[in-house]
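Undergrad: One-letter residues, chain by chain:
There are 2 protein chains.
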Amino acid sequence: MNNFIFQNPTKLVFGKGQIAKLTELLPDNINLMLTFGGGSVTKNGVYDQVKEALKGRNFIEFWGIEPNPRVETLRKAVKMGKENNINYLLAVGGGSVLDGTKLIAAGIATDTEPWEIVKGGVAKEQIPFASVMTVPATGSEMNGAAVISREETQEKYGFFGTYPQFSILDPEVTYSLSPYQIACGLADAFTHVLEQYMTTPGQSRLMDRWAEGVLLSVKEIAPGIKHNPHDYDLMSDYMLSATLALNDFIRMGITQDWATHQIGHELTALHGITHGHSLAIAMPGTLRILKEQKKGKLLQYGERIFNITEGTEDERVEKAIEMTEQFYRSLGLTTRLSEEGIGMDTIETIASRFNDRGDAFGENSNVTGDVTREILISCL
Amino acid sequence: MNNFIFQNPTKLVFGKGQIAKLTELLPDNINLMLTFGGGSVTKNGVYDQVKEALKGRNFIEFWGIEPNPRVETLRKAVKMGKENNINYLLAVGGGSVLDGTKLIAAGIATDTEPWEIVKGGVAKEQIPFASVMTVPATGSEMNGAAVISREETQEKYGFFGTYPQFSILDPEVTYSLSPYQIACGLADAFTHVLEQYMTTPGQSRLMDRWAEGVLLSVKEIAPGIKHNPHDYDLMSDYMLSATLALNDFIRMGITQDWATHQIGHELTALHGITHGHSLAIAMPGTLRILKEQKKGKLLQYGERIFNITEGTEDERVEKAIEMTEQFYRSLGLTTRLSEEGIGMDTIETIASRFNDRGDAFGENSNVTGDVTREILISCL
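Protein sequence lines correspond, in order, to chains A and B.
For the record, in the first sequence the residue sitting at position 252 is 252 according to the numbering used here, with numbers rising by one throughout.
For the record, in the second sequence the residue sitting at position 139 is 139 according to the numbering used here, with numbers rising by one throughout.
By construction, these hints were calculated from the structure, which means they are not laboratory data.
Capping the alpha-carbon separation at 30 Å, the derived lysine-lysine pairs in DSS-like fashion look like this:
#	chain 1	residue 1	chain 2	residue 2
1	B	Lys43	B	Lys79
2	B	Lys43	B	Lys76
3	B	Lys16	A	Lys124
4	B	Lys124	A	Lys11
5	B	Lys219	A	Lys219
6	B	Lys119	A	Lys11
7	A	Lys11	B	Lys11
8	B	Lys124	A	Lys16
9	A	Lys219	B	Lys295
10	A	Lys55	A	Lys43
11	B	Lys119	B	Lys76
12	A	Lys295	B	Lys16
None of the values given here were measured: they were computed from a predicted structure.
The shape of chain A in the complex, shown without the other chains:
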């Protein structure tokens, strides 16, 4: 096990009716701005619940943070926040609204241009912020990361260092999600775990078991959710799995990968493919091309997640990769670029971009533009 430092200060407030706790969770005497996406919260009742809980408090509202939040939009929110002396933010929405709010919080706290904060990689200061989540997906509700897009340059990067003060997760608010949103969320949670798990084996028995615990939970609940997306227990497991998949709990003292995310971000930036869906396409490709490097963990994963115990090692590795792709397909997602009308042009664009920048992603820093080309060709 490697040395590590772990700290996650976020308060998780989970369950039915917890939005009503909002006003007691927020400090008194704050200048509050609420941040929202495109308006789905007005349809699923969350906006009304939040307004009810905040009765008697003053706040302003910023609307319009889009999926894959754009710095161009967030700059406007930073400006509005500064003009109104805002010193506390409450994100009401999904992972994109919260990710965007993290940059707004950092932008309000400094004079640094927001895109420079993103490029800097770590936000050094931010005003406090919290969230009411409507979509379980990104783990953003309990981690320090945010991913921001820049439309002008079709770029998408993550930055770190920004934990919410608290996040309210009420599984009942997920009942209004579309089957596609749910599928993408499940794919996202599953892939988040794989990025932290599918590395050198034998680093930590316990982190392996916890990662596998999330994978098994997501795999077990997926079929039930598909047929009954209003089952409270299933949606609770889903919402909590999504949070625990990416809140630092399963990556203590171990190496990580994240090459698939880098590739997925490009598919999103260039073609607008939803984040979780982009991962469902890229992850099986990463496993196919890096199967020798990841052999030890693929064998363990195959056995513990899919009960693959028969055949040669190579056969079991192939089967584990095949079952991974089948799992994503079972959610109702496509897993091939051709199914999304994406071909060699895009592959070459991404490969060139990585090669030009000298990028080399993944646990062993060997996923270059050329390796990415191989990965994406295997996804055609």
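With chain A held as given, fit chain B onto it using these hints.
TA: Leaving out everything else, chain B in the frame of chain A:
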């Protein structure tokens, strides 16, 4: 899944050589008191490492916090802290030193008599404190709980609400532990998980998996540690398992039990049996007497932890309980009261104490004095 609120603010600083980070982890301009046990830290090199890391800082030292820390001792530390305007504590030792330090921190912060704080159940105020751990065992390094004994009345109670600012865990400092200390630590971690896991089944797939992940890890490392207690990776897994067994991570949204701990505390209070060892005796008894109530979870546990898949349900339940006792014995611990020279007198004392107070412990509040008598008779 039940509604829950989770927050754990403690910073975990884990790995080789991390004690050297001490001075940068502590705030500047504090009045610091270090707290210790009986002196083992002077033999295992930890005291020297701490002194080296604190070079240039002023601090005072309080020595002599005993195993199962006594309020009588801790009152002296509170007095010393108040007289010296201490506003930060650093516990250097095992779970008992840290538990005692939690009460010292609460005692210094208020005028309330320390035993009244314990009896109150929750510390409302405390001065900040941190720890350098030498024994993985209790989870106290990353939770808000402490268990304190009162010699005058042979009582032992827990109180809550006191999280360390940070805890430094260096697996190398465990190399000097005795085989008995290690065995008790492993039993302690294993039982901490069972107290949170062996309840109504089907509350949370994910919490089940994570609890099982700790159980499997402890079970896997135990034989290796017995034969090679200086294996860094094994001791890392052990130390981290002990922390994650009781830092709130595996009990989100679920019911808990803790009847075994109440019974174990009595064995410790009356006979001085080491905490982990007392649990190794009491837990199999609790399972034997409550096997109908815990049947569903015992079947799941038997299958997932001990691969028990053959036989009738009743046979599998019996086998799971038998394997649990065997696991404790495999650590080198006795599991029967008679092996420790304890007989019916003690059993009646404990049963009367619980009955007189009207105690009813466990998930279903049905472990009364009379049920405890049955449990302990089954442990003779």
